[in-house]
Amino acid sequence: MPISKNAMRRCMIIDQVISERHYYKPTMHRIIEVCREQGIDVSTETIQKDINMMKKARPNGFGAPIKFDFQRQEYQYTDTNFTINGVKLTPEDASVLAESLVLIKCMLRTELGDKLRHAMEKVLSTSIEEVDLNERYPILKTMEPPRSRGYEFMDLLLDCCKVGIPISFIHYSYKNERFKSIVLHPYVVREFDNRWYVYGYSESHDALRSFGLDRIYEPIKLDRTYRKGVPKHILSFLNNMYGVFSLTNEEPMPVVLRADRLTTKFLSAYPIHDSQVVEKYDFGTSKITLTLIPTMELIQLVRSYAHGLTLVEPNWLVELIKNTTKDDFRR
Amino acid sequence: MTLEDKTLVWHVNAHRFNLQLLRVMLNERTTRLDFGYQTTDYYIRGGWINIYPETHLVTSVSSRKIRMQDQQGIVTAPDKFHFKSRADWHFFSLFFAPLPVQDQTISLVESEDPDYTNFNIGNIELKIEAAFRLRL
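Residue numbers (the numbering used here), protein chains in the order written: chain A, 17 to 347; chain B, 1349 to 1484.
Source of the hints: derived by calculation from the structure; they are not laboratory data.
Note that the Cβ used here is the ideal one computed from N, Cα and C, for glycine as well.
Some clues are possibly wrong.
[Stated by the list, open to error] Here are the simulated DSS-like pairs of lysine-lysine, each with C-alpha atoms no more than 30 Å apart in a straight line: (1) Lys237/A <-> Lys196/A; (2) Lys1354/B <-> Lys196/A; (3) Lys196/A <-> Lys1432/B.
[Said to hold, decoys possible] Pair ranges (Cβ atoms, derived): (4) Thr158/A <-> Glu1402/B: 50 to 60 Å; (5) Ser164/A <-> Arg1415/B: 30 to 40 Å; (6) Ser1411/B <-> Lys244/A: 41 to 51 Å; (7) Lys338/A <-> Asp1436/B: 26 to 36 Å; (8) Thr1378/B <-> Asn97/A: 51 to 61 Å.
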């Protein structure tokens, strides 16, 4: 049975009082006094019950070697190094960990993430009282989209990327409305705009490709020689693109945009890419230069600003947009 | 040749209208066929699909009919899986008794007397040499 929030707080105080024996005599009176200082009105009987509970082995207690020394009339640990704080965390440490947990819950919703979260919660459970989620709200909140289709393959894909195992899966193309069997040598799993993609060498296309996890069916590991990726290509995919679906296999190139006053403000605050350079004009409009590999997602972004953002260069990309419909750039 | 613990995997692209046979997997316990189905404009809201319980495989190396044992993602007749639009798609798998482990051509037979709606797909070539091996 889990230890209640209040009992946990009292146990922490008892542990603190016994551990601080060099400063104050760890008596029942002292424990009750510290409890009252911390706003906990408690009786001798309750503290006695808490001490008995602390003596119990985990998980019902803490296995605390507490002994009452009748001669000195004080409590002590027979093992002077014992503390229920297995890891000594300051309140600040605990606070940082608690906030990190929120991020982990949001960003690593995989088996690996669950293990990490459990491990951190264990650490926290020895340092702070049980968190009552019904009474608390997070002070740090990231966007938490509902779990998407295909997320269940995350652990398998991460394992295949890490160990180097080719996979076979069925892919459904939303655009072409066709299924296709794919053999992929996966290199990385990447998130973009709350969507997850696996990137690698596709034997079926004889090229490097990204596949949305939501469009993958029944991935299986293959007993087949793994084709290792070229780090330069993988890093380029990770760093030189806004999005995952490139429109060219070339090296990063300058992409010039023209932004109106309002869009300039937003894009100055939230740059599109690390390479972004904003050259402001007198009236607050700007020329924005990015150095990257053009992608479908970049086109979608430009279109999302309507007249606020216009593509100026390269010419081939301007022409491409002119000659295609809006749906051609849907992922 | 024996399969031992190996599962053979073939990528195929056989189709009948808007039904695609995409992958065949074979081990000593089962033969699995993976399918994709795309609805069309022909039916209102995409229509429905199901599979006859008497569906079987026919192989070029045996006169024996290899009966369907199980299915995943599709219901057997008379039940129906109804689509909701003309743009829906569906992935499903059918499981049969194990095929002989040798080069062969197989056919999926849903009906011996098929009409255009039946899931009958013929001449699926399975060569041992062309198969991938599943990693356990």
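Hint check:
Simply put, Lys237/A and Lys196/A have alpha-carbon atoms about 17 Å apart, close enough for the 30 Å limit, and the pair holds. A threshold of 30 Å between alpha carbons decides the hint, and for Lys1354/B with Lys196/A the separation of about 24 Å falls inside it, so the pair holds. Distance hint between Lys196/A and Lys1432/B is fulfilled; the C-alpha atoms sit about 23 Å from each other, no more than 30 Å. Range check, Thr158/A to Glu1402/B: Cβ separation about 53 Å, and the 50 to 60 Å hint holds.
For the pair Ser164/A and Arg1415/B, the beta carbons lie near 37 Å from each other, so the given range of 30 to 40 Å is met. The hint said 41 to 51 Å for the Cβ distance between Ser1411/B and Lys244/A, and at roughly 47 Å that hint holds. Distance hint check for Lys338/A and Asp1436/B: the Cβ-Cβ separation is about 33 Å, which falls inside the suggested range of 26 to 36 Å. For the pair Thr1378/B and Asn97/A, the supplied restraint of 51 to 61 Å holds, since their beta-carbon distance comes to about 58 Å.
Figure legend: structure checked against the earlier numbered hints; every hint is met.
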